[in-house]
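Residue numbers (full-length UniProt numbering), protein chains in the order written: chain S, 1 to 395; chain E, 1 to 351.
Source of the hints: derived by calculation from the structure; they are not laboratory data. In this text the structure is predicted, and so the values were computed from the model without any measurement. Mixed in with the good hints there might be a few duds.
Claimed, not checked - Straight-line Cα separation of at most 30 angstroms, DSSO-like style, residue types lysine-lysine; simulated pairs:
hint: 1; chain 1: S; residue 1: K300; chain 2: E; residue 2: K167
hint: 2; chain 1: S; residue 1: K285; chain 2: E; residue 2: K167
hint: 3; chain 1: E; residue 1: K15; chain 2: S; residue 2: K285
hint: 4; chain 1: E; residue 1: K245; chain 2: S; residue 2: K285
hint: 5; chain 1: E; residue 1: K15; chain 2: S; residue 2: K300
hint: 6; chain 1: E; residue 1: K107; chain 2: S; residue 2: K300
hint: 7; chain 1: E; residue 1: K69; chain 2: S; residue 2: K300
hint: 8; chain 1: E; residue 1: K112; chain 2: S; residue 2: K300
hint: 9; chain 1: S; residue 1: K300; chain 2: E; residue 2: K101
hint: 10; chain 1: E; residue 1: K107; chain 2: S; residue 2: K285
hint: 11; chain 1: E; residue 1: K305; chain 2: S; residue 2: K285
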Amino acid sequence: MANVAVADIPAKNPSFSLNIDWSKLATHIVLLLLVIVWTLPTVGLLVSSVRDKDQLTVSGWWSALTTTERTGGGRTSGAEAQKFVDGQFVIEGNLLSEDEKGRTISAFGLTNKTFGENPVGTSVVPKAGGELSVFANGDYRWVSDQEFDFSRGQRVLYVAQIPPRFTLENYVEVLTSEGIDRSFINSFTVTIPATIIPILIAAFAAYALAWMQFPGRGYLVAIVVGLLVVPLQMSLIPILQLYNNVAPMLGVEAKSYLGIWLAHTGFGLPLAIYLLRNYMAGLPKEIMESARMDGASHFKIFTTMVLPLSFPALASFAIFQFLWTWNDLLVATVFLGVGDNELVLTGRLRELIGSRGDNWEILTSGAFISIIVPLAVFFSLQRYFVRGLLAGSVK
Amino acid sequence: MASIVLKDLVKDYGKVEVLHHVAGQFEDGEFIVIVGPSGCGKSTLLRMIAGLETVSGGEIYIGDKMVNKLEPADRDIAMVFQNYALYPHMSVRQNMAYGLKLRKLPKEEINKRVEEAAEILEIKDYLDRKPRQLSGGQRQRVAMGRAIVRDPQVFLFDEPLSNLDAKLRVQMRLEIRKLQRRLGVTSIYVTHDQVEAMTLGDRLMVLNGGYVEQFGTPIELYDRPASVFVAGFIGSPAMNFMKAKINSGKIKLPNGTILNSNTQLSADITLGIRPEHVVADAKGALELEVEMFEQLGANTLVHGKLKDSDEPFVASMPGHVSEEPGTLMKFSIAPEALHMFDAKTGKRLEP
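Hey, can you work out the whole structure from these sequences and the hints?
See the structure below:
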């Protein structure tokens, strides 16, 4: 509105005067700051998870793009590699292993005390005689007039500039060796039914509470809303006891997927019914009446009108419920065992913190794997938040 | 096609009665307009006929069948809603076919009917569009199309034109009338717009506060309004009213003016004079102090006050009239153009 008003006032001078709306600018800056603060941890996590694990231990993720200076060491080839060229005995090769390629050596030496003293290009005299020169890319050349005679190669220490290195190795390691892959599937096994079941139940309940006339409807809605205030932590143990008593009677194991599905369904239902009922009650009454006059039963109205039109609400609740069950640790700990085929991703990560707490590359990549799925779910469904499905229906 | 009979119809919400013993008989093929100010119960009456509201008392017959307890779908009626109520997630074709599909008609039959209705309403080109891609007028047509394909016994219209702009409203009004004539389906049309009511209806039912004030042809309502309410509601600009006393045929206005009438009554009355019935006449008895003019082109509305009083009065003169404000204009009026109503009950007094 403010912009429109500004634009409507005829400009006094035609030059590009500073028509800055300061309050708007401030809003945008604050917004930008909030977004940065909000996303920074995730960015750090992502960057850390793709860094080389050795670099990860010595520097923070924010220095991921800068080269780091480190000391390193290598060994020349043994005497058997010598060649006789132009009247001299020569040993040639490279100090850097395959992994270390890309390092730029700036200085080298032969002992712990002298490793930084000789710039590249110069030469030193090792014990075994001759002259050993080392070059920036790691190549060395050891020349002598006499034939070399030693068994192990000469150890060379150096100072090198290490370029940043990004790798997916951490992910490969985590997925293949730490059991995260299996937990990933376990999490899905919990999450998908625990999202679909409450939506199914809640959609029917919400329709009835919004559009069917029956006595006590208002009280039912009030009870459902009232249930929203019951904290999960309080009802966790009673429900577990109840379930453990009932499950054997039905021939189901005490700690099983069925139990956690039911638990998540129960905990999710009040919010689901409340959200969906409110949305459905807001749908135009005339559409229902028109469908009724067209001969649709309640079930037909539900399936052909209300469900398609409630898709934004269904999607937003699905996102909530999915995120909440995916990130859940407490309910999973209580209702599900810790076996390899039951441990969910959050449980596995907690286990990793205990057993591999120093291995940041595993923790970060593991954590990021657990984030990827909610992110994908959110971005694939977020357009339903934005788009008004009802456009064109009434007025 | 069917006639509709309303017998002693009552609607109450708990203790509040909103419709009071409404009765009426709508003939087969007739176009009935229910008209009244907002809150008069006209939409409630329509929704009761549609079956969307329960009936608290009385009976509704469509054809020979008492339909009080029938579901809307079983009454063989189609309704056009004020805001169209199109199904937003379906194409125009699906919108129109929805009711037929639910009735399990064969596919070819459904297609045939939809195509026919689309042809009549000239919406063939939009059949595969979604409602949100249509303009207001097109949506209106789709809503009508949805009613037509059902081939019902009765059409119900709930202020279907109130969301359109003025020009489109006039056009659609004519089209609805033509369509109804062509299909010959008994129709009930609810509106608060008296022009719409006058132009569309074979007969008008004027509702006020849940009571039927008058039920008759537009001309009857205009010429012989049964009450002050109907007289003021029908006709534009509205009728002039003033308190008056009638004594053996002589009507005495508050400012002392005496008008002749063709009656021999003696009573306290409310006198009604339509603005278009006064004639400029230098010897006329009505004297008007002019305050302003509204030039409408074909005619001119003269606003003013009766001489020596605060009674406002509007006169409609053919052609262009312009006098200085403050001038005194004189009018005469034919005795048969005077409408007399009982001062207490507001009912029409016949000469």
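Violating hint indices (sorted, rising) | 1, 4, 5, 11
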